[in-house]
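**Q** Sequence:
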Amino acid sequence: MNFKQYIPRKKKASVSASKMFKLCDSTGYTYDMTAYLGKDRQRTAQHVTELTRKIEGRGHKLYMDNFFSSPELSDDLAKKQIYCCGTVRPNRKGMPQDLKPKTTKLKRGDIRVRIRADLTAILWRDKRDLCMLTNIDSRKRCVVKHNLVTEV
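Just so you know, we're using the numbering used here here: the sequence shown kicks off at 1062 and counts up by one.
It is possible that part of the hints are untrue.
Lysine-lysine pairs mimicking DSS-like chemistry, simulated, CA-CA at most 30 Å apart [stated by the list, open to error]: (1) K1141 - K1161; (2) K1140 - K1080; (3) K1122 - K1080; (4) K1154 - K1141.
What follows is a set of in silico ranges between Cβ atoms, one per label pair, in the way DEER data are often shown [unchecked claim]: (5) K1168 - K1080: 35 to 41 Å; (6) A1106 - I1176: 29 to 35 Å; (7) K1080 - V1174: 30 to 36 Å; (8) L1098 - D1171: 42 to 48 Å; (9) G1155 - K1080: 20 to 26 Å.
Read the hints as simulated data drawn from the structure, not as lab findings.
All residues carry an ideal CB built from backbone N, CA and C; glycine is no exception.
The whole structure should be built from the sequences, with the hints applied where relevant.
**A** Shown next as structure tokens:
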């Protein structure tokens, strides 16, 4: 499952921007969607929670970008048997302090991992820092090579 954000017309000067939040499978099939018309002030986590109601308790895996993901949302989804993985902004509330950009001096290929219960935060340096968050089964081993993750 992928969670996508579609912005039909992205203009900086436009106050009345509209967005489409969609819950899609790996082939692009849309399970559910909701429109944001610039009037409600819902947090992105609320949009995710709203859209994932129909897949609760089924063990689906949800992949998100850093616009949506956060430790709090990952914990909430795990309680509903929805497991997630994706990039995360290192300054999000609940992220480990030692993974913040100003506290790390990683060289290319270096990695830092922090684990809290079923939640894993990863900071990896390639050309720039990449921060990921996952609560998908951590017992499987994965290898990361040139932006490609494969299970071992």
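**Q** Is the Cα-Cα distance between K1140 and K1080 30 Å or less?
**A** Roughly 28 Å between the alpha carbons, so the hint for K1140 and K1080 holds.
**Q** Tell me if the straight-line CA distance from K1154 to K1141 falls inside 30 Å.
**A** holds (21 Å)
**Q** If you draw a straight line from the CA of K1141 to the CA of K1161, is it 30 Å or shorter?
**A** Roughly 29 Å between the alpha carbons, so the hint for K1141 and K1161 holds.
**Q** Okay, A1106 versus I1176 on CB: inside 29 to 35 Å?
**A** Since the Cβ atoms of A1106 and I1176 sit about 22 Å apart, the hinted range of 29 to 35 Å is violated.
**Q** Between G1155 and K1080, does the beta-carbon spacing fit 20 to 26 Å?
**A** holds (24 Å)
**Q** Could you say whether the range 42 to 48 Å given as a hint is met by the Cβ separation of L1098 and D1171?
**A** This hint holds: roughly 43 Å between Cβ atoms.
**Q** Falls inside 35 to 41 Å, the C-beta gap from K1168 to K1080?
**A** holds (38 Å)
**Q** Do the alpha carbons of K1122 and K1080 lie within 30 Å of each other, as the hint requires?
**A** holds (23 Å)
**Q** Just to be sure I understand the hint, the distance between the Cβ atoms of K1080 and V1174 should be within 30 to 36 Å; is that true here?
**A** Given a distance of about 33 Å, which is inside 30 to 36 Å, the answer is holds.
The structure shown violates just one earlier hint, number 6.
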